[in-house]
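The residues making up each chain are set out below.
2 protein chains.
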Amino acid sequence: MDLAVLTRYRVQITDALAASLEGEAALRPILAYHVGLADERGRPANAVGKLLRPSLVLFVAQQLGASLERALPAAVGLELIHNFSLIHDDIQDGDRTRRGRPTVWAAWGVNEAINAGDLMQALAVHEALQSGPVAASLLLNATAAMIEGQSMDLGFETRTVALDQYLRMIDGKTGALIVAAFQLGGAVADADDATQAVLRRLGRAVGRAFQIQDDLLGIWGDALVVGKPNASDIRRRKKSYPTVLAFERANGDDRATLQQIYGQAALTDDDVDWVINLMTRLGIQSDGRITVQEHLDDAAQALDELPFSTDGRRDLENLMDYLARRDK
Amino acid sequence: MDLAVLTRYRVQITDALAASLEGEAALRPILAYHVGLADERGRPANAVGKLLRPSLVLFVAQQLGASLERALPAAVGLELIHNFSLIHDDIQDGDRTRRGRPTVWAAWGVNEAINAGDLMQALAVHEALQSGPVAASLLLNATAAMIEGQSMDLGFETRTVALDQYLRMIDGKTGALIVAAFQLGGAVADADDATQAVLRRLGRAVGRAFQIQDDLLGIWGDALVVGKPNASDIRRRKKSYPTVLAFERANGDDRATLQQIYGQAALTDDDVDWVINLMTRLGIQSDGRITVQEHLDDAAQALDELPFSTDGRRDLENLMDYLARRDK
Numbered sequence: 001m002d003l004a005v006l007t008r009y010r011v012q013i014t015d016a017l018a019a020s021l022e023g024e025a026a027l028r029p030i031l032a033y034h035v036g037l038a039d040e041r042g043r044p045a046n047a048v049g050k051l052l053r054p055s056l057v058l059f060v061a062q063q064l065g066a067s068l069e070r071a072l073p074a075a076v077g078l079e080l081i082h083n084f085s086l087i088h089d090d091i092q093d094g095d096r097t098r099r100g101r102p103t104v105w106a107a108w109g110v111n112e113a114i115n116a117g118d119l120m121q122a123l124a125v126h127e128a129l130q131s132g133p134v135a136a137s138l139l140l141n142a143t144a145a146m147i148e149g150q151s152m153d154l155g156f157e158t159r160t161v162a163l164d165q166y167l168r169m170i171d172g173k174t175g176a177l178i179v180a181a182f183q184l185g186g187a188v189a190d191a192d193d194a195t196q197a198v199l200r201r202l203g204r205a206v207g208r209a210f211q212i213q214d215d216l217l218g219i220w221g222d223a224l225v226v227g228k229p230n231a232s233d234i235r236r237r238k239k240s241y242p243t244v245l246a247f248e249r250a251n252g253d254d255r256a257t258l259q260q261i262y263g264q265a266a267l268t269d270d271d272v273d274w275v276i277n278l279m280t281r282l283g284i285q286s287d288g289r290i291t292v293q294e295h296l297d298d299a300a301q302a303l304d305e306l307p308f309s310t311d312g313r314r315d316l317e318n319l320m321d322y323l324a325r326r327d328k
Numbered sequence: 001m002d003l004a005v006l007t008r009y010r011v012q013i014t015d016a017l018a019a020s021l022e023g024e025a026a027l028r029p030i031l032a033y034h035v036g037l038a039d040e041r042g043r044p045a046n047a048v049g050k051l052l053r054p055s056l057v058l059f060v061a062q063q064l065g066a067s068l069e070r071a072l073p074a075a076v077g078l079e080l081i082h083n084f085s086l087i088h089d090d091i092q093d094g095d096r097t098r099r100g101r102p103t104v105w106a107a108w109g110v111n112e113a114i115n116a117g118d119l120m121q122a123l124a125v126h127e128a129l130q131s132g133p134v135a136a137s138l139l140l141n142a143t144a145a146m147i148e149g150q151s152m153d154l155g156f157e158t159r160t161v162a163l164d165q166y167l168r169m170i171d172g173k174t175g176a177l178i179v180a181a182f183q184l185g186g187a188v189a190d191a192d193d194a195t196q197a198v199l200r201r202l203g204r205a206v207g208r209a210f211q212i213q214d215d216l217l218g219i220w221g222d223a224l225v226v227g228k229p230n231a232s233d234i235r236r237r238k239k240s241y242p243t244v245l246a247f248e249r250a251n252g253d254d255r256a257t258l259q260q261i262y263g264q265a266a267l268t269d270d271d272v273d274w275v276i277n278l279m280t281r282l283g284i285q286s287d288g289r290i291t292v293q294e295h296l297d298d299a300a301q302a303l304d305e306l307p308f309s310t311d312g313r314r315d316l317e318n319l320m321d322y323l324a325r326r327d328k
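Those protein sequence lines, which keep their order, are chains A and B. Per the numbering used here, the very first residue in the first sequence carries number 1; after that it's consecutive. Per the numbering used here, the very first residue in the second sequence carries number 1; after that it's consecutive.
Calculated from the structure, these hints are not laboratory results. As the structure is a computational prediction, the values presented were derived from the model and not from experiment. Ideal placement from N, C-alpha and C gives every residue a C-beta, glycine not left out. Keep in mind that the hints are not guaranteed to be accurate.
What the hints assert, rightly or not - Facing chain B, according to a computed beta carbon distance under 10 Å, are these residues of chain A, among others:
{"id": "1", "residue": "28"}
{"id": "2", "residue": "93"}
{"id": "3", "residue": "115"}
{"id": "4", "residue": "118"}
{"id": "5", "residue": "145"}
{"id": "6", "residue": "146"}
Claimed, not checked - Chain A residues, not near chain B, derived (Cβ > 12 Å throughout):
{"id": "7", "residue": "15"}
{"id": "8", "residue": "46"}
{"id": "9", "residue": "69"}
{"id": "10", "residue": "92"}
{"id": "11", "residue": "96"}
{"id": "12", "residue": "130"}
{"id": "13", "residue": "195"}
{"id": "14", "residue": "249"}
{"id": "15", "residue": "276"}
{"id": "16", "residue": "282"}
{"id": "17", "residue": "306"}
Construct all of the structure, not just a fragment, from the sequences and the given hints.
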């Protein structure tokens, strides 16, 4: 499948990303390392991710008639906000690797990683401000919502979580920046309030489909493809979508066993197998797939209300399809 | 002495600070706690600091003819940036108390403290944006310079530091936000480039006087007044102004002993006494006081070039005098 949305702007975004991080301070090469532009010694590297969020900004902006020039700073700002959050998430989760490379804290220590994330947040907003104060304000609101979602997620580690709380959490932690991608595209095109409302609905639906698919992969994803051990989210006792549903649906003995397993200090392979088996009995994987599809249908409906070109509509549908069916 | 600059705007700043932190998320009360508006359980508290930076913004703005209404968001934004940096500094330094209260990480854990600082940075810039994009841009540049200074300071822990490197570090870590206070006041008054250049010189001089005085207090300050153990900066082997000067000036046996002491895992009371005695022999305390005064003279010269009222000039001179002679 041709993912035009992800390929069309890649060179421009990568160049602007590099320019936004330039500077003399010792911290700058750490930022370039984190986004995949450099290796640990500052030599050029080719490890930039798929640039989903900034690509969406530019795509929406172009569909709504804005120039790429005006949209590019907002797009880069959004990608930097996403990356600042990853630097700090990796500290919080104790993750030593990300996409096969040492995380910033693992390579430079926690203190410098805190600084690196802080600096990246400031550079992100400074960049977005070049697309205008409305774009900067949108990005800041999304950043606040994302951080509040991250805080909710940390709180989930020590208690049972209801489905609506889980959805509120992902609407912040993952959803806010996806929604922001669509809204920033609208903002730089001076979209009216009605259009922004549709873009918000579209972003929310795509964000939920994206995160729930991610959560399904965290349990049923092929270890070799996803790059994490099989069922890693169960081993980490992460309160992801399947786990939240399992706690909602399990009754009697199942519920007691589930609570007992999630209360243990460490899980055996048998524990993990039992949880996966329970989830299968409760129909969680198939229902999860249906839920992802429902959100994509919502997204498609919102898309119908937007004045995109026929080609643009097809490009975005291809991307949504890819996000929902991806295996990593 | 009447410190009009610090008293005149206190109520307005405090109210605007409280309003800027309002919100439903669980993180919000942590932010209100940190700035001293609430206690650990979210009940109102009266522990807001002296609000030096936002008071300077409003003072300069008013002297240059801007309305307080236009200046207030920038002032609050600057205070929030200062406070976000303190939340993260306390994690990095492992400090469990600040001004007699538990630090955020000590009360809520490191992960939530990272989130709290991140959120406060975003809210800060969002607030400043209400004073216009120029103010937001100034604040973001100052934030980046501050973080780069903090990163330099962390790097100093493990090596010898020359005086010019030390000055570059404090120009970032402390100076950037003091300079920003003056420049934000200028920005909301639409000051021209020449006036902004004078405000920058003034801010830089005040910032250096302020930080060097702080460093002198970190060694010779009265423990009861400063609220830290006597000579605490020596015990922590902090590369502060007196220490940097001591390494620059000590020769022969003195230098060898100094290096040996700063290389130890822990310092005895005798070690601390020896270092203080060395600093006295090298004339560092008295030279430090002279240096503070020199920076204040520079500040006074810059002040002469600004179109401040006679009363305004006197108010700022009083404040600078207080900052240079304070004992905590």
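Going down the list of hints, with the structure as the test:
1. For residue 28 of chain A, the suggested interface contact is upheld, since its CB lies about 8 Å from the closest CB of chain B, less than 10 Å.
2. Look at residue 93 of chain A: its Cβ gets to within about 9 Å of chain B, closer than 10 Å, so that hint holds up.
3. Checking residue 115 of chain A against chain B: minimum C-beta separation of about 5 Å stays under 10 Å; hint holds.
4. Hint on residue 118 of chain A holds. Least Cβ distance to chain B is approximately 5 Å, under the 10 Å limit.
5. The criterion of a C-beta within 10 Å of any C-beta in chain B is met by residue 145 of chain A, whose closest approach is roughly 9 Å, and the hint holds.
6. At its closest, the beta carbon of residue 146 of chain A sits 9 Å from a beta carbon of chain B; the interface hint therefore holds under the 10 Å criterion.
7. For residue 15 of chain A, the non-interface assignment is confirmed: its Cβ lies about 21 Å from the closest Cβ of chain B, beyond the 12 Å cut-off.
8. Consistency note on residue 46 of chain A: stated as away from chain B, and its beta-carbon is indeed over 12 Å from all of that chain's, at 26 Å minimum.
9. Chain B leaves residue 69 of chain A outside its interface by the beta-carbon criterion, the shortest separation being 18 Å against a cut-off of 12 Å.
10. Not every CB of chain B is more than 12 Å from the CB of residue 92 of chain A (nearest about 4 Å), against its label as outside the interface.
11. For residue 96 of chain A, the shortest C-beta to C-beta distance to chain B comes to about 16 Å, beyond the 12 Å cut-off, and the non-interface label holds.
12. The Cβ of residue 130 of chain A does not lie farther than 12 Å from every Cβ of chain B; its closest approach is about 9 Å, which violates its non-interface assignment.
13. The claim that residue 195 of chain A is not at the interface with chain B holds, since no C-beta of that chain comes within 12 Å of its own (minimum 23 Å).
14. The Cβ of residue 249 of chain A sits about 27 Å from the closest Cβ of chain B, beyond the 12 Å cut-off, so the non-interface label holds.
15. With a closest Cβ-Cβ approach of about 28 Å to chain B, residue 276 of chain A is found to remain outside the 12 Å limit, as its non-interface label requires.
16. Every C-beta of chain B lies more than 12 Å from that of residue 282 of chain A, the closest at about 30 Å, which supports listing it as non-interface.
17. Its beta-carbon lying about 28 Å from the closest one in chain B, residue 306 of chain A satisfies the requirement of being farther than 12 Å from that chain.
The structure shown violates the earlier hints numbered 10, 12.
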